[in-house]
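Student: So the chains spell out like this:
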Amino acid sequence: MTCREYHDAADHTLGSRADDDQTGIITMYVGMSLEQQEFAQACRKLLERECAGSVVREFNRTPTGHAPDVYAAVAELGWFDLALSTDSDLGGLVELGIAYRAAGRFLPPTTIYATIWGALLLRASEVSRWNDQIAAGEIRLAVAYAEAANVDLTPGSTYDVIAQRDASGWRLSGTKLFAQAAHGADLILVPARLDGGHVGLFAVANGLEGLTTVPMQTFAGDPQAIVEMRKVLVGDDALVKGPLDDATWSTWFSSVADQACALQCMEMLGGAERVLDDTAAYIRNRHVFGRPVGTFQAAQHHIANMGISLAAARVAAYRAIDAASSGEPAFREVSVAKSWLSKAYKEVTVLAHQLHGAIGYARETDLHLWSERAKTTELTFGDRTYHLRRIADALVGPVADAPDSRSGTTPIGA
Amino acid sequence: MTTPTESAGLDLRLSGDDVRWRDEIRQFVRDHVSDELRAEYEREGDDGRGSLVTEFHRKLGALGWNATNWPKAYGGLEKSALHRLILMDELYYARAPRLEYASHNIAPIIIRFGTEENKKKWLPPISRGEVTFALGYSEPDAGTDLVSLKSTAVRDGDEWVINGTKIWNSAAHVATHEWLLVRTDPDAPPHQGLSIILVPIDAQGMIVTRIDTWGDERTNQIFMDDVRVPTDHLIGEVNGGWQLVVGALDLERAAIGTTGELRRNLDELIEWVRSGSDGRSLRTDPDVRRQLAELDTELEIANLLAYEVASLIDGGGIPTVEANMQKVWTSELRTRIADVGMQIQGLYGQLHCSDPLAPLGGLYEAAYRWAPIHRFGGGTNEVLRDIIAQRGYDMPRVSRRS
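Residue numbers (my numbering), protein chains in the order written: chain A, 21 to 434; chain B, 583 to 984.
Everything hinted at is true.
Covered, in the sense of this in silico footprint (three residues per stretch, anywhere, with C-beta under 8 Å from a C-beta of chain B), are these stretches of chain A:
| id | stretch |
| --- | --- |
| 1 | 314 to 322 |
| 2 | 331 to 343 |
| 3 | 350 to 359 |
| 4 | 407 to 420 |
Some chain A residues near chain B, calculated using beta-carbon distances under 7 Å:
| id | residue |
| --- | --- |
| 5 | Ala300 |
| 6 | Gly327 |
| 7 | Ile328 |
In short, the hints are calculated from the structure, not lab data. Glycine included, C-beta positions come from ideal geometry on N, C-alpha and C.
Using the sequences and the hints, build the whole thing.
Tutor: Below you can see the structure in the form of C-alpha cells.
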C-alpha cells in the first residue's frame with residue numbers, strides 16, 4: 021500500500037455561498053495511481069462546469085429529472101462505457117467509483133446513476149446489443165425491482181410481477197415501485213417471476229402497449245416512478261438473464277446490486293465531503309462576537325466529528341468498491357460501507373445545518389439539496405438496518421423466521 | 583516498503599508479501615504463545631516479569647522482532663509501518679505479551695533525535711532488553727498541559743541534579759529507567775526549556791509510590807530528591823526535549839491504532855452469542871444481532887483506518903490528522919464494545935473474573951474498567967479533536983493558555 025497526496029484546489033462555491041479563499045484541503049487517497057487522480061480531477065472539472073446549483077434546480081422535481089447536457093457530458097467522459105465494458109481503457113468499477121465520488125459533490129441528474137445500474141446488470145447478463153447506444157448516451161436505462169410487498173433490496177425472488185409465456189414471447193404483468201428514472205427511460209430492466217418459481221430479468225422498451233410509468237413525488241425531487249404493466253408483450257430476446265432458480269437468481273442479482281451499492285457509497289462519500297468542505301469554509305469566514313465561528317471549540321469539534329466520520333466513510337467506501345470490483349463476493353465490505361455511509365452522510369448534513377444556522381436553512385443557499393440527497397441515499401440500495409442484518413447473519417448465523425414482514429437477508433456468498 | 587500501485591485499482595488488500603509476513607507471525611504464535619504464557623502475563627504484578635514472559639521477549643529479540651522499526655544500520659529489520667501493525671495485530675489477537683515500549687517506541691526516538699554517543703550507549707542494552715523505560719512526562723499539575731511541568735534538572739559538574747515529581751508513571755515499578763522530561767532552562771519559553779534525561783529508577787533519591795487504578799493496572803508517582811545522573815544520560819540536545827516528545831507522541835498514537843486486542847474481544851463475544859453459551863437465545867434477539875453488527879462494522883473501519891495511517895507513514899508522511907482520527911475512533915469504540923458487551927451479558931455482565939459464572943472469564947467487565955484510559959491517555963480526545971479541526975480543516979488555531 022502506498023499513498024499519494026492529492027491537493028484539491030477546486031473552488032467550493034455553490035449558489036450564493038461564495039467562498040473567497042482557496043482552501044487546498046488535503047485529501048488522502050490510499051493507493052490511488054496518478055491516472056486515477058487525473059481522472060478524478062477531470063470528472064470534477066467537468067461537473068463544476070456543467071452542474072452548478074442552478075442547473076440542479078432546473079432538472080430537480082421535473083417528471084423525468086433529466087438534464088441532457090450533463091448526461092451527454094459524462095457519456096463523453098466515458099462513464100457509461102466503464103459500466104458496460106470489461107476491458108475499458110479507463111479502467112473498471114474502481115474508476116467508476118472515483119467518478120461517483122466526484123459526482124456526489126455536484127448532484128448531477130440521477131438518470132446517470134440509473135443508466136449505470138442498468139448497464140451493470142446488462143454486463144453481468146452478457147448482453148451487449150445496446151452497448152454502443154448506451155455508451156453514447158443515446159439510450160437511457162432504468163431498473164425496476166422493488167414492489168409493494170418487497171420494497172427492500174432483497175435477494176429474495178418472491179416477485180409479484182410475473183412473466184407469462186405467450187406464443188410470440190412473454191407477457192409481463194404487475195407493478196413495480198421506486199424505479200429510479202423509469203419515467204423517461206428508453207429501456208426498463210424488470211425482474212419477474214416465471215412459471216415454476218424461476219426468475220428472469222427482462223429488458224422492456226418504454227412506451228410498449230400496456231406499460232405506463234407514473235412519477236412518484238419524492239422529497240428530494242429525484243425521478244422515481246411506478247411502473248405498471250398489464251400483459252405487456254415482449255419478445256423472446258427481451259429476457260436478458262434467466263430463467264434462474266431462486267437461489268441462483270438471488271446470488272446473481274445481489275452481486276450486481278452490491279456493485280451498484282458500492283458506487284452509491286462513493287457518491288455518498290463525495291457528497292458528504294462537499295458538505296464538510298463548504299461548512300468548514302463557511303465557519304472560517306462567518307463572524308460572531310467579533311471572531312469567526314470556527315474559533316469556538318464546539319464548532320471545531322463538530323467539524324472534527326464530521327471529519328472522523330468521513331475518514332471512516334472513505335476507507336469503508338474504498339474497501340467496498342475495491343472488493344466489488346474483484347469478481348469475488350463483496351457483501352461484507354459493501355454492507356460495512358453502506359451501513360456506515362447511511363449514517364455518516366446524513367449526520368454530516370445535520371451538523372452542517374447547525375453550523376450554518378439560518379443561512380443554511382434558506383433554500384437559495386442549496387444546503388438542503390445535499391441533505392435531501394443524503395436521506396435518499398440512506399434509504400436506497402439497502403438502509404442501515406438492512407445492511408446490519410446482512411452482517412449479523414454472517415456473524416451469528418441467519419434467523420430462520422424473520423420477526424416482521426421485512427424479508428430475510430440470507431448472506432450471499434458467505 | 584510495498585511497491586507503489588501504478589495499475590488501476592486500489593490496494594487495500596494485503597499483498598502476497600504482507601500475507602507471508604502475517605502467516606509467519608501466526609506460526610510463531612502457534613509455536614510460542616501458550617496458555618501458560620498468557621496466564622503468567624495476566625498475573626504480572628509487583629513481582630515484575632516472570633520467566634515465561636522473559637523467554638518470550640528473548641525469542642522475539644532473537645528474530646529481531648523487538649526492533650522491527652529500527653534501521654538496518656542499527657541492527658533493525660526496517661519493517662514497514664504496515665508490517666509492524668500486522669505484527670501487533672496478530673500478537674495481540676493471540677493475547678501475547680505487549681511489545682517492549684523501550685525498543686518499539688523509545689529507541690526510534692533515540693535513533694532519530696539522539697547523538698551518536700546516545701545511540702552507542704543506549705541502543706545495545708535496549709535491544710537486549712536490559713534497559714526498559716517508564717515514561718516520565720505527566721505531573722500532578724501538568725497532564726494535558728504537559729509543557730507547564732515543573733521538575734527540574736540542574737547541571738552540576740559532570741552530573742545532572744534532578745528534583746521534582748512525576749505521576750501516572752506506569753511501569754516505574756518494573757522498568758530500569760525513567761525516560762524523563764524535565765525543565766533545564768526555567769527562563770526560556772516553556773517548550774524551549776525542556777530536556778529528556780534517562781534516570782535509573784534505583785538511583786539514590788528516587789522514591790516510587792504505588793497508585794491503583796480502576797482498570798486494575800498499577801501506576802505510580804515518583805519523587806526525585808537531588809537525584810544525580812551522569813551528563814551522558816541526556817538524550818539529544820539540552821533544551822531540545824520537546825521535539826522528542828512531539829515525535830514520540832505521534833508514533834505512540836499510530837501504535838495505539840492496533841485493533842488486534844479489540845478484534846479478539848469482539849470475536850469472543852460473537853462466538854459466545856453464536857454458540858448459545860448464554861443458555862438463552864441471544865443469537866436470535868434482533869437487538870443483540872444489530873448491536874454486534876454495528877460493533878463489527880465499526881471495528882472493521884478502525885482496522886482500515888489503522889492500515890491507512892500505516893500506509894501514510896510508509897509513504898514518508900507524518901499523518902498527524904489521520905492518526906488522531908484513528909485514535910479517537912478506536913478509543914471511543916473500545917468503550918462502546920465493552921459497554922454493549924456487558925449489556926448483552928445482562929446481569930451476568932456484572933460478574934468479576936473471580937466469579938466462576940462470569941462470562942468469558944469476566945473479560946468484558948474488565949474491558950469496561952480499562953476503557954477510559956484510552957480516551958484520555960496519549961492525548962485526550964478533546965484536544966485531538968481540536969487538532970483534527972485545526973490541522974485537517976484549517977480551523978483557526980486558538981491559544982489554550984489564558
